[in-house]
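> Produce the complete structure using the sequences and hints provided.
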Amino acid sequence: MASLPRHRRHSSGGGSDRLATTNMVGKRVTLTLDSTLDSVNSAEESATRFAAGAGFDEDEIARISMAVREATINAVLHGNAYDPAKKVGFQLERTRDSMVITITDQGQGLDPNKIPDPLAPENLLKQSGRGIFLIRAFMDEVQIRQLHPGTELKLIKHVPGAAGDNKEASQ
Amino acid sequence: MSMKANTRQVNGVMIVDLSGRITLGEGSVILRDTVRDLVGKGNKKILLNLGEVNYIDSSGIGELVSAFTTVRNQGGELKLLNLTKKVHDLLQITKLYTVFDVKDDETAAIKSYK
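Line order of the protein sequences matches chains A and B. So for the first sequence, my numbering puts the first residue at 362; every next one is plus one. So for the second sequence, my numbering puts the first residue at 8; every next one is plus one.
Hints listed in this document are in silico derivations from the structure and should not be mistaken for laboratory results. Each hint can be trusted.
Cβ-Cβ distance ranges computed for the label pairs, FRET-style: (1) A:Pro445 / B:Gly49: 40 to 48 angstroms; (2) A:Glu502 / B:Asp96: 19 to 27 angstroms; (3) B:Thr114 / A:Gln452: 46 to 54 angstroms; (4) B:Ala115 / A:His439: 36 to 44 angstroms; (5) B:Gly49 / A:Leu486: 17 to 25 angstroms; (6) A:Pro445 / B:Asp40: 23 to 31 angstroms; (7) A:Pro521 / B:Lys93: 15 to 23 angstroms; (8) B:Gly49 / A:Thr393: 48 to 56 angstroms; (9) B:Lys92 / A:Gly387: 31 to 39 angstroms; (10) A:Glu419 / B:Gly49: 41 to 49 angstroms; (11) A:Gln504 / B:Lys102: 20 to 28 angstroms; (12) A:Glu419 / B:Lys11: 18 to 26 angstroms.
30 angstroms max Cα-Cα, derived DSBU-like pairs, lysine-lysine: (13) B:Lys93 / B:Lys110; (14) B:Lys51 / A:Lys487; (15) B:Lys11 / B:Lys121; (16) B:Lys93 / A:Lys487; (17) A:Lys475 / B:Lys93; (18) A:Lys515 / B:Lys93; (19) B:Lys121 / A:Lys487; (20) B:Lys110 / A:Lys487; (21) B:Lys11 / A:Lys487; (22) B:Lys48 / A:Lys487; (23) B:Lys11 / B:Lys110.
The model shown is predicted, which means the values in this text are computed figures rather than measured ones. No residue lacks a Cβ here, since even glycine has one placed at the ideal position from N, Cα and C.
So this is what it looks like as C-alpha cells:
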C-alpha cells in the first residue's frame, strides 16, 4: 500500500494530519503526486479517509472514492502519460456544505466538448472512455477546466444536512 | 487487495473464479492474460465468477468488455456469474448489464452454454 509521506503534503485548517475530525469545515489537504499508479491508489485512499471524516455514509464514500480514482487515472494516464517530469496536483477540501476535490495534470488538455458518450451504441463495446462518465454519475457537480497546458477537474459532493442545507445549524 | 484468478473446468465450461479488485494495473492484466490464455487453448465456453470481486474501476470494466469481444470473435461465449451489488450497479450505469449474459446460479449457467 502506498503511503502518503512519500509525496509532498500540506495540510491546513485543522492544524493536524488526522483526517477523521468531527468538525472538518475548512479542512484542506494538498498533495503533489508523481504520475504513477501508486499515486492513483494514494489519492483514492486519501479521499476515502477524508470523505469518512466529512460525514458521508458508506455508499457515498464508495462513490466519491471511485470518482477520485477515475479522475486521478485520467490525470496520470491520459493527461501526464506516466511522464515522470509531470506532476498531478491533488487537493481535498471540506467547505461549509461540500467536499471538493481538485485534480490537475500537466498534459495536452481535455476538451470537455469532445468526450464521446460511452452509452452510445457505437461506443458501448469500446474498452475505454467511461472514466469521466462515471465521475459525473457519482458526484453532484463536475467542472472541467483547460489549463493550457493541462486539465483541472473539480469534483463536488454536497454533505447531507451540512451548513449549506441548514444555515441555522452553522450559526 | 490484489486480484486472483483460479480456473477450473466443469462439463466443458471453463470457470474463472476471480477475487479482489479488477482495476488499472495488475488486476486488469491478470484478467486479460487469463482470458487470452483460455481462448488461445481453444476454449470457447468461459464463465467469469465475480462473486468475490468487491471493486472494479473503468479499466476493469474495459477489460470485461474486451474479454467479452475477444471470446465472441473466436466464436465463443463469455458469461458472468455472481455479480456483487457494486459490480451489478456499475454494469447497470454503463448499460453493459444487457450486453453481458449475467447468471446467478453456477449449475444453470453451465447448462446455458450451447
